[in-house]
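*Asks:* One-letter residues, chain by chain:
There are 4 protein chains.
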Amino acid sequence: MSINVGDYVLLIYDRKRRWLLKAEEGKIHHTHKGMVNLDDIIGKPYGTMVLSNLNHKFYAVKPTPMDLLLKMQRATQIIYPKDIGLILLNTGVVPGSRVVEAGTGSGALTSILANYVKPSGRVYSYENREEFLKIARKNLEKTGVLDYVELKNKDILEGIEEKQVDAVILDMATPWLAVKLAYDALIAGGHFASYSPTIEQVQKTVKELEKQNFIDLTTLECIVRYINVEEGKTRPETRMIGHTGYMTFALKVL
Amino acid sequence: MSINVGDYVLLIYDRKRRWLLKAEEGKIHHTHKGMVNLDDIIGKPYGTMVLSNLNHKFYAVKPTPMDLLLKMQRATQIIYPKDIGLILLNTGVVPGSRVVEAGTGSGALTSILANYVKPSGRVYSYENREEFLKIARKNLEKTGVLDYVELKNKDILEGIEEKQVDAVILDMATPWLAVKLAYDALIAGGHFASYSPTIEQVQKTVKELEKQNFIDLTTLECIVRYINVEEGKTRPETRMIGHTGYMTFALKVL
Amino acid sequence: MSINVGDYVLLIYDRKRRWLLKAEEGKIHHTHKGMVNLDDIIGKPYGTMVLSNLNHKFYAVKPTPMDLLLKMQRATQIIYPKDIGLILLNTGVVPGSRVVEAGTGSGALTSILANYVKPSGRVYSYENREEFLKIARKNLEKTGVLDYVELKNKDILEGIEEKQVDAVILDMATPWLAVKLAYDALIAGGHFASYSPTIEQVQKTVKELEKQNFIDLTTLECIVRYINVEEGKTRPETRMIGHTGYMTFALKVL
Amino acid sequence: MSINVGDYVLLIYDRKRRWLLKAEEGKIHHTHKGMVNLDDIIGKPYGTMVLSNLNHKFYAVKPTPMDLLLKMQRATQIIYPKDIGLILLNTGVVPGSRVVEAGTGSGALTSILANYVKPSGRVYSYENREEFLKIARKNLEKTGVLDYVELKNKDILEGIEEKQVDAVILDMATPWLAVKLAYDALIAGGHFASYSPTIEQVQKTVKELEKQNFIDLTTLECIVRYINVEEGKTRPETRMIGHTGYMTFALKVL
Chain S
0 MSINVGDYVL LIYDRKRRWL LKAEEGKIHH THKGMVNLDD IIGKPYGTMV LSNLNHKFYA
60 VKPTPMDLLL KMQRATQIIY PKDIGLILLN TGVVPGSRVV EAGTGSGALT SILANYVKPS
120 GRVYSYENRE EFLKIARKNL EKTGVLDYVE LKNKDILEGI EEKQVDAVIL DMATPWLAVK
180 LAYDALIAGG HFASYSPTIE QVQKTVKELE KQNFIDLTTL ECIVRYINVE EGKTRPETRM
240 IGHTGYMTFA LKVL
Chain H
0 MSINVGDYVL LIYDRKRRWL LKAEEGKIHH THKGMVNLDD IIGKPYGTMV LSNLNHKFYA
60 VKPTPMDLLL KMQRATQIIY PKDIGLILLN TGVVPGSRVV EAGTGSGALT SILANYVKPS
120 GRVYSYENRE EFLKIARKNL EKTGVLDYVE LKNKDILEGI EEKQVDAVIL DMATPWLAVK
180 LAYDALIAGG HFASYSPTIE QVQKTVKELE KQNFIDLTTL ECIVRYINVE EGKTRPETRM
240 IGHTGYMTFA LKVL
Chain P
0 MSINVGDYVL LIYDRKRRWL LKAEEGKIHH THKGMVNLDD IIGKPYGTMV LSNLNHKFYA
60 VKPTPMDLLL KMQRATQIIY PKDIGLILLN TGVVPGSRVV EAGTGSGALT SILANYVKPS
120 GRVYSYENRE EFLKIARKNL EKTGVLDYVE LKNKDILEGI EEKQVDAVIL DMATPWLAVK
180 LAYDALIAGG HFASYSPTIE QVQKTVKELE KQNFIDLTTL ECIVRYINVE EGKTRPETRM
240 IGHTGYMTFA LKVL
Chain A
0 MSINVGDYVL LIYDRKRRWL LKAEEGKIHH THKGMVNLDD IIGKPYGTMV LSNLNHKFYA
60 VKPTPMDLLL KMQRATQIIY PKDIGLILLN TGVVPGSRVV EAGTGSGALT SILANYVKPS
120 GRVYSYENRE EFLKIARKNL EKTGVLDYVE LKNKDILEGI EEKQVDAVIL DMATPWLAVK
180 LAYDALIAGG HFASYSPTIE QVQKTVKELE KQNFIDLTTL ECIVRYINVE EGKTRPETRM
240 IGHTGYMTFA LKVL
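Here the protein sequences come in this chain order: S, H, P and A.
All the letters of the first sequence, read from the start, carry residue numbers 0 to 253 under numbering that gives the first Met the number 0.
All the letters of the second sequence, read from the start, carry residue numbers 0 to 253 under numbering that gives the first Met the number 0.
All the letters of the third sequence, read from the start, carry residue numbers 0 to 253 under numbering that gives the first Met the number 0.
All the letters of the fourth sequence, read from the start, carry residue numbers 0 to 253 under numbering that gives the first Met the number 0.
Quick caveat, the hints were computed from the structure, so don't treat them as lab data.
Computed from a prediction, not measured in an experiment: that's the story for all the values here.
Glycine residues also receive a C-beta, built at the ideal position from the N, C-alpha and C atoms.
Treat the hints loosely; a few may be bogus.
Stated by the list, open to error - Chain S is nowhere near these chain H residues, computed Cβ spacing over 10 Å in every case:
1. Asn3
2. Gly46
3. Leu176
4. Lys206
5. Glu220
6. Glu230
Said to hold, decoys possible - Each pair of labels, with its calculated beta carbon distance range:
7. A:Leu19 <-> S:Asn54: 37 to 45 Å
8. A:Lys162 <-> P:Gln163: 55 to 63 Å
9. S:Gly5 <-> H:Asp154: 53 to 61 Å
10. H:Arg136 <-> P:Thr237: 27 to 35 Å
11. P:Arg238 <-> A:Lys162: 35 to 43 Å
12. P:Arg238 <-> H:Thr30: 50 to 58 Å
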């Protein structure tokens, strides 16, 4: 598979220095390790090596949905990939699923969900702040999944228009206020998920879930630890992300 | 969506007491909380409540791929959902991906991968122990994804027959021996992943990856912590799983 | 240093099978690995090996304060050594310190504190449940530190009689109710510590500390992970303790 | 207890802005929050509040051994308090213990050990780099425990001169080379501890311990997680220290 004009490529120097670029003729990418001429990668296969004018090695690879997410324009704090993986598996979202999400934010979670419900599924994503929706739309276009998403410029608290959806996934400041709406929108046996940084949000959301006919309430957090593997120096990394958010899951029953 | 004869349902009493059952007419399911007559759920929607003869509430829901995985017949230690989510996102496996996996084991990881590459993608799964393959085949049939999997009764160390695959995912005792084979089977820019319980396996695999033209080597572990959320008693659970396995990721370049 | 009649010894078979025994003449200790005759260790140095009648090796060592704590008769859940170490260092308790503690419980924390304030310091330990005090007294006698402890059969909420103490350490159900009393009992610059399993206890205690003239409020938890180190099998242990309690520290100022 | 000329005080503005100062007449301490005149605290009790010339509140408290450690001049990476607490409890070091330590480094661990073996115990601390010993000596003087420490300008690998010590604690690059020496220096039933950042150091040290007559080999790591407790915002802190070092413990038997 070769890189064509207009394709997005991830240009990698190392773990920290990597850029998401659109392959365009005559375009020069400037870095501290020299200039990379994008003409040198057009027509080449993904994974190709290219030298900067300072003779440093760069690699042009095909970005994964996660790479795209990490390189998105961010209007808001985004959910980490580690947490998205768990949300995906715990809500049972698969190709074909119909999912309601709020809020859209920068479209990070939206883009991953869209990638996994496609081709026949749909993500209905609520966001009342128009400036965020604009950013999200651009991000989803860039990641090539806009066709599988319905962006809705609405506050989810004013009502969920979809019915019988497979999952409702909330990443918002007051998820507890949307619990009843989520119940009504879900298919029987459908999945609720909420992502919240603070324990107070979790406490209120769980309280509300208990009032509705939800079962299987589960709250967890996911911690990823990177290991430096090097002969004679193998050890977990000194600094790590200690907390992103708690995830709460529940199942609608009748 | 209602439960038909022949469908698999997850019958839930609580977090720990839950059974994967095939809905069959006249079938009685015996539990410590009484007998559940499956006739009571046939024709009802997923999410329906049913009373046992001792008047306890049970719920019949549609199992997610993860529920199916957790209820599979296990010939071997299976990969945990938390780890599968990370493997999925880090390898960029999406609907349409072609993935090589070894070993098949009980087919747990296989079943999740198949669920996410479908409908147009494929999982090629290597396993040289025939008795495991039999169990895996049954599990994949049960989970409804056998059509998206090619089970291969071969030792991956004898060679990977597929070429230009998007990802190679190893869950085997000696992943380092398959690194060169993975490199050859991968498309340029393709993803390598290895899952190993011990640090020595990681050390050897990383050493081998460094010899091949892989970049972006990353080793991590994922720890999930369950939180008990209850008014006045909110706290992380006393006991937890401390370790399952390390995951190592890498990217093939040219 | 040799083992005399009346000394306590820790008899070790392996990590899980170990007993705290009083060396007595003619005493036989029965285990699944055979009988150990305590006469075989009396007069021998600590660290001595002794064979059971089934020819299994046992070792008689001098118990540390932590060994004594772990083998105490327990009336209540005790604080773990990992947490005690942090409490000790964060409160600055050293030989000579005067410390108020509540509740005594089984005397576990009391015994460690006493070991580190001796010879010139004192632990004042409040416990209103007489049956616990009895157990604690026996435990402190056994561990040889009763001389450094003043056991008080009183509810700390009725008042702290000591003044100008260096530290107040609370391990009780309602620590927030004792915050004001702790403030009054502490020397200026003295240390407050509270150990609580639930987040609600922490929330209430912090709120109360903020009302008093305490600074440097710090809440943390301590997680210990055991590593299995064995050639080719090195890895964190599969199961671990996920949570014991949160610790909150503060400093009294004027 | 009031602050006298020559006493060390910890001057606290907040969690991150705090200074260890010697109370001297006429001394002015400059900060971003204004100047603090040390004359204002001399003769006052510890815990006293003092205003800077910009009217910000500062508190002068008595430093704990841990405060002193954290404010020491550092020639080397020091062991964290969380790890020191565990070493203390696992090795059973108490007032009166005789402990061998290597290397001295900046004297951080030395200072805590000295604080807990005093008044009758002793720490024998080996360090072959003279420039470190100088720094350590100054640090121990400052922390007031030099009398309980014997600083030895020697490489521990050339031999441990002390015999029948209660504990040997190693914080050095090659602890495995000192295992045999530690065995010979320890009293029967005495405690070995080693602190190492990398897993390879642990692997080699454990291998060596297994060759000697050590039992009860235990390797662990200690992770401390800070919790931000604030109404509506309670959550673990976003960033944390992911790894400092592994600790390996063992018991000498005959």
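*Asks:* Confirm or reject each hint.
*Replies:* Taking the hints in turn, this is what the structure says about them:
1. Asn3: holds, 14 Å
2. Gly46: The assertion about glycine 46 of chain H is violated, with a minimum of 3 Å to chain S.
3. Leu176: holds, 18 Å
4. Lys206: Answer for lysine 206 of chain H: violated, closest chain S Cβ roughly 7 Å.
5. Glu220: violated, 5 Å
6. Glu230: Contrary to the label, glutamate 230 of chain H does not stay out of reach of chain S, its closest Cβ about 7 Å off (not over 10 Å).
7. A:Leu19 <-> S:Asn54: 37 to 45 Å: Between leucine 19 of chain A and asparagine 54 of chain S, where Cβ atoms are some 50 Å apart, the hint is violated.
8. A:Lys162 <-> P:Gln163: 55 to 63 Å: violated, 43 Å
9. S:Gly5 <-> H:Asp154: 53 to 61 Å: violated, 43 Å
10. H:Arg136 <-> P:Thr237: 27 to 35 Å: At roughly 29 Å between Cβ atoms, threonine 237 of chain P and arginine 136 of chain H fall inside 27 to 35 Å, so the hint holds.
11. P:Arg238 <-> A:Lys162: 35 to 43 Å: Once the Cβ atoms are compared, 41 Å apart, the range 35 to 43 Å for lysine 162 of chain A and arginine 238 of chain P holds.
12. P:Arg238 <-> H:Thr30: 50 to 58 Å: violated, 27 Å
This entry does not satisfy hints 2, 4, 5, 6, 7, 8, 9 and 12, going by the numbered hints stated previously.
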